[in-house]
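Colleague: Residues per chain are reported as follows:
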Amino acid sequence: MHKSEIKTPPTLYVGSCVKYNSSKPYRLYRVNNNKRILKSQSETMAIDKLSNDPNPNQNPKPKQKKFQWCELVDEHDGKDLDFLLPPRQVIGPDERGVKKVVKYEFDDEGNEVKKTTTTRVQKLAKTQLSKRAMERRAWPKFGDAVHDDFGARLTVVSTEDIFLERPRPHGSKPEETKVAGNLGNAGAVLMVCRICNTRGVHWTAKCPDRHLAHHTDDPRANEGAYVPPSMRRGAERPGGSDMRRRSDENSVRVTNLSEDTIEPDLLELFQTFGHVIRAYVAIDQKTGMSRGFGFVNFANREDAERAINKLNGYDYDNLILRVEWATPR
Amino acid sequence: MRPILMKGHERPLTFLKYNRDGDLLFSCAKDHNPTVWFADNGERLGTYRGHNGAVWCCDVSRDSMMLITGSADQTAKIWNVQTGEQLYSFNFGSPARAVDLSVGDKLAVITTDPFMDLPSAIHVKSIATDPEDQTGDSVLVLKGPQGRINRAVWGPLNKTIISAGEDAVVRIWDSETGKMLIESEKEIGHKKTITSLSKSADGSHFLTGSLDKSAKLWDIRTLTLIKTYVTERPVNAVAMSPLLDHVVLGGGQDASAVTTTDHRAGKFEAKFYDKILQEEIGGVKGHFGPINALAFNPDGKSFSSGGEDGYVRLHHFDPDYFNIKI
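The listed protein sequences correspond, in order, to chains A and B. The first sequence maps to residues 1 to 329 in this note's numbering. The second sequence maps to residues 1001 to 1326 in this note's numbering.
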């Protein structure tokens, strides 16, 4: 659920992220006409005491509310009795922004229900609004915005945290590389970044320009020049070399795979039947998506046979697999 | 920071503008409806319906009551900000590109694109206090620059008009006589189309962004080049922080190349530079298309960016941004 909370002026709380809604009904059990016992131990003490009191009507304690239980029960009208309920409690928001609202109400059957709503309030911005700006806040919507309702979700708070990404860590300078080399620190000299060719600053894996690596080094990145499909990124498949040396023996063809199925999934599925030599999922070279079929090679023919018997017609990722012997090419 | 994403436009964004108080954000896009949002929580307040083409630019009066928009439907329209009602429409023979209101909101400068036989032009219109009295007559028409004039703004005390566009030359015109006063020199100026121009908060200098992958800071009176910020991608949008000495450049690769390359290659980041040291401070990622529009909240505590992807992203800075050091 998305909720926007605004508290003005001068601080403006905008937006809240998550809202957990839990309602736990606590039933009041009727023992006799004028006594009620709460099942829940955590309910308010005043009522508990009341139910233990032999003569609640005659001796109302000062802490208790001024009402008579017998009258209530006879009326059977929960709607107007809200004043009987414990008051609404608001706990928080604490340092983590979690706010709890505890509410008591009667449900349709006259049972008292405790509702706890937990909300996380996140402060996104603090703005000072001028008087004119406050007036503008109250302006009615116009144009297409008239029909904006809560579900329209035109405005959403990003789920990911975005940071101002520094080009390099604070305090480090590009010249530092030389200094590190002169220090004679063996570890620092060993630390060579293959991407930016610096020494002693960071490892290749930690390079801030890591994502650029294949663009800058790659002669294919030249804009406009034609790149044959087989040379494009993502075209080379690890399975390319073992295409030749794979044995067609004990090969099982799996079809009607979901697009999300990858080779490790297939391996996991089939290795329960025996030693799997190879699991391969056909990938479309243009789109990089699975073509929906694959092959599994078993070391033993019996294992392959068992796999076919078991998995043909098996429900995998909401699709019915078809598993059969691969036809030799 | 967690940016607020506003998805009200169906086409690429073209321009963003905050009002003076910084509580409203106006967005223009290639769909036909300029939109106003609350700048704190991103809630949509309304849309201005009436244009029949891409809306390229807008400006809002100082009292936030009047909005002027320039559109490719060959009109510039004046709107009531509060109700979304159209107050007046200036009709031209060619698409309107840039609009800017003068100090005092009595004059507006509107540029028009070259179209058919018409050359590009800068029109100065007087804005009536009462929209009933509004007329479409031009006070002044300036001609001369070749190609589109992507931005035209008023200089100090409304005495000059600064224009920049496809011919990569920044010009300062006298707003009384219509004479060209200063022109940027070829050697130091931009090499390619100037896409954006943004004045500093005090109006003493301005920043231009160009497709030659650089942004330049100029003195507004003498047109002396103060600083140059070099980046790796064409610059579509520029903004200057009113609070800190920061400059933000937005851009990215051509839209036509977006689908064929990795998203990280696009450089669809808003790049922050130190205004004085000309060094890069950092980048804010998020868009998945080139950034076409950037605007700083007048309080300097938030900024918004609009992209080719149709999203407006509203960023409220984390507290540590304000103590950032290079």
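Simulated from the structure, these hints should not be mistaken for laboratory data. Please note that a few of the clues may not be correct.
Calculated from the model, a selection of chain A residues having no Cβ within reach of chain B, i.e. all distances over 10 Å [unchecked claim]: (1) Asp-107; (2) Ala-133; (3) Asp-144; (4) Phe-163; (5) Arg-166; (6) Ser-251; (7) Glu-259; (8) Glu-268; (9) Thr-272; (10) Ile-277; (11) Ala-282.
EDC-like, lysine to aspartate or glutamate: derived pairs with alpha carbons at most 20 Å apart [unchecked claim]: (12) Lys-1227/B to Asp-1202/B; (13) Lys-141/A to Asp-1063/B; (14) Lys-1267/B to Asp-161/A; (15) Lys-1267/B to Glu-160/A; (16) Lys-1007/B to Asp-148/A; (17) Lys-1227/B to Glu-1187/B; (18) Lys-1186/B to Glu-1176/B; (19) Lys-1275/B to Glu-165/A; (20) Lys-286/A to Glu-259/A; (21) Lys-141/A to Glu-1085/B; (22) Lys-1159/B to Glu-1183/B; (23) Lys-1275/B to Glu-1232/B; (24) Lys-131/A to Asp-1063/B; (25) Lys-1007/B to Asp-107/A; (26) Lys-286/A to Glu-263/A; (27) Lys-1192/B to Glu-1176/B; (28) Lys-1007/B to Asp-144/A; (29) Lys-1227/B to Asp-1299/B; (30) Lys-1285/B to Asp-209/A; (31) Lys-1285/B to Glu-263/A; (32) Lys-1030/B to Asp-144/A; (33) Lys-1267/B to Glu-259/A.
Derived list of chain B stretches under chain A, where covered just means 3 residues or more per stretch with a C-beta under 8 Å from a C-beta of chain A [to be verified]: (34) 1001-1007; (35) 1043-1052; (36) 1075-1089; (37) 1177-1183; (38) 1194-1202; (39) 1284-1293.
Glycine included, C-beta positions come from ideal geometry on N, C-alpha and C.
Colleague: Could you run down the list of hints and mark each one as holding or not?
Modeller: These are the hints, each one checked on the structure:
1. Under the 10 Å C-beta cut-off, the non-interface status given to Asp-107/A relative to chain B holds; the minimum distance is some 34 Å.
2. Not every C-beta of chain B lies more than 10 Å from that of Ala-133/A, the closest at about 4 Å, which undercuts listing it as non-interface.
3. Non-interface call for Asp-144/A relative to chain B: violated, since the shortest CB-CB distance, roughly 4 Å, does not exceed 10 Å.
4. A beta-carbon of chain B is positioned within 10 Å of the beta-carbon of Phe-163/A; the least distance is around 7 Å.
5. The beta carbon of Arg-166/A is not kept farther than 10 Å from every beta carbon of chain B, the shortest such distance being approximately 5 Å.
6. The claim that Ser-251/A is not at the interface with chain B holds, since no C-beta of that chain comes within 10 Å of its own (minimum 35 Å).
7. Even its closest Cβ contact with chain B, about 20 Å, leaves Glu-259/A beyond 10 Å, as expected for a residue assigned away from the interface.
8. No Cβ of chain B comes within 10 Å of the Cβ of Glu-268/A; the nearest lies about 30 Å off, and the non-interface call holds.
9. Thr-272/A, annotated as away from the interface, keeps every beta carbon of chain B farther than 10 Å; the closest lies near 38 Å.
10. No beta-carbon of chain B comes within 10 Å of the beta-carbon of Ile-277/A; the shortest separation is about 34 Å.
11. Distance check on Ala-282/A: its Cβ is at least 24 Å (rounded) from any Cβ of chain B, clearing the 10 Å threshold; non-interface status holds.
12. Only pairs whose Cα atoms come within 20 Å are accepted, and Lys-1227/B paired with Asp-1202/B is accepted, the gap being roughly 17 Å.
13. A hinted pair counts as satisfied when its Cα atoms are at most 20 Å apart, and Lys-141/A with Asp-1063/B qualifies at roughly 19 Å.
14. Proximity of Lys-1267/B to Asp-161/A is assessed by CA-CA distance (about 18 Å); at most 20 Å being required, the pair is judged to hold.
15. Among the hinted pairs, Lys-1267/B with Glu-160/A is consistent with the structure: their alpha-carbon atoms are about 18 Å apart, no more than 20 Å.
16. For a cut-off of 20 Å, the pair hint linking Lys-1007/B to Asp-148/A stands: about 12 Å separates their Cα positions.
17. A C-alpha spacing of about 14 Å is found between Lys-1227/B and Glu-1187/B, which places the hinted pair at or below 20 Å, so the restraint holds.
18. With a C-alpha separation of about 26 Å, the suggested pair Lys-1186/B and Glu-1176/B falls outside the 20 Å cut-off, and the hint is violated.
19. For the suggested pair Lys-1275/B and Glu-165/A, the alpha carbons sit about 17 Å apart, so the restraint of at most 20 Å is met.
20. A distance of roughly 15 Å separates the Cα atoms of Lys-286/A and Glu-259/A; the hinted pair therefore holds under the 20 Å criterion.
21. Straight-line distance between C-alpha atoms of Lys-141/A and Glu-1085/B comes to about 12 Å, which keeps the hinted pair within the 20 Å bound.
22. About 16 Å separates the Cα atoms of Lys-1159/B and Glu-1183/B, which keeps this hinted pair within 20 Å; it holds.
23. For a cut-off of 20 Å, the pair hint linking Lys-1275/B to Glu-1232/B stands: about 17 Å separates their Cα positions.
24. In summary, the hint linking Lys-131/A to Asp-1063/B is supported, as the alpha carbons are separated by about 12 Å, within the 20 Å threshold.
25. Only pairs whose Cα atoms come within 20 Å are accepted, and Lys-1007/B paired with Asp-107/A is rejected, the gap being roughly 40 Å.
26. Only pairs whose Cα atoms come within 20 Å are accepted, and Lys-286/A paired with Glu-263/A is accepted, the gap being roughly 19 Å.
27. Distance restraint check for Lys-1192/B and Glu-1176/B: the Cα-Cα separation of roughly 29 Å exceeds the 20 Å cut-off, and the hinted pair is therefore not satisfied.
28. The straight-line distance between the Cα atoms of Lys-1007/B and Asp-144/A is roughly 13 Å, inside the 20 Å bound, and the hint therefore holds.
29. Restraint check for Lys-1227/B and Asp-1299/B: not satisfied, since their Cα atoms lie roughly 24 Å apart, outside the 20 Å limit.
30. With a CA separation close to 15 Å, the supplied pair Lys-1285/B and Asp-209/A stays within the 20 Å bound.
31. A C-alpha spacing of about 33 Å is found between Lys-1285/B and Glu-263/A, which places the hinted pair above 20 Å, so the restraint is violated.
32. Simply put, Lys-1030/B and Asp-144/A have alpha-carbon atoms about 16 Å apart, close enough for the 20 Å limit, and the pair holds.
33. Using a Cα cut-off of 20 Å, the hinted pair Lys-1267/B and Glu-259/A is violated, with the two alpha carbons roughly 30 Å apart.
34. Only when three residues or more bring their CB closer than 8 Å to a CB of chain A does the claim for the stretch 1001-1007 of chain B stand; here the count is 7, and the claim holds.
35. For the stretch 1043-1052 of chain B, the proposed coverage by chain A is satisfied: 7 residues have a C-beta within less than 8 Å of a C-beta in that chain, meeting the threshold of three.
36. Interface restraint, the stretch 1075-1089 of chain B with chain A: holds (3 residues with C-beta to C-beta distance below 8 Å; minimum three).
37. By the rule of at least three residues with a Cβ nearer than 8 Å to a Cβ of chain A, the coverage given for the stretch 1177-1183 of chain B is violated, with 0 such residues.
38. Under the rule that three or more residues need a Cβ within less than 8 Å of chain A, the assignment of the stretch 1194-1202 of chain B is violated, with 0 such residues.
39. Counting residues of the stretch 1284-1293 of chain B whose CB lies closer than 8 Å to any CB of chain A gives 3, which reaches the minimum of 3, so the coverage claim holds.
Hint violations for this structure: numbers 2, 3, 4, 5, 18, 25, 27, 29, 31, 33, 37 and 38, all remaining hints satisfied.
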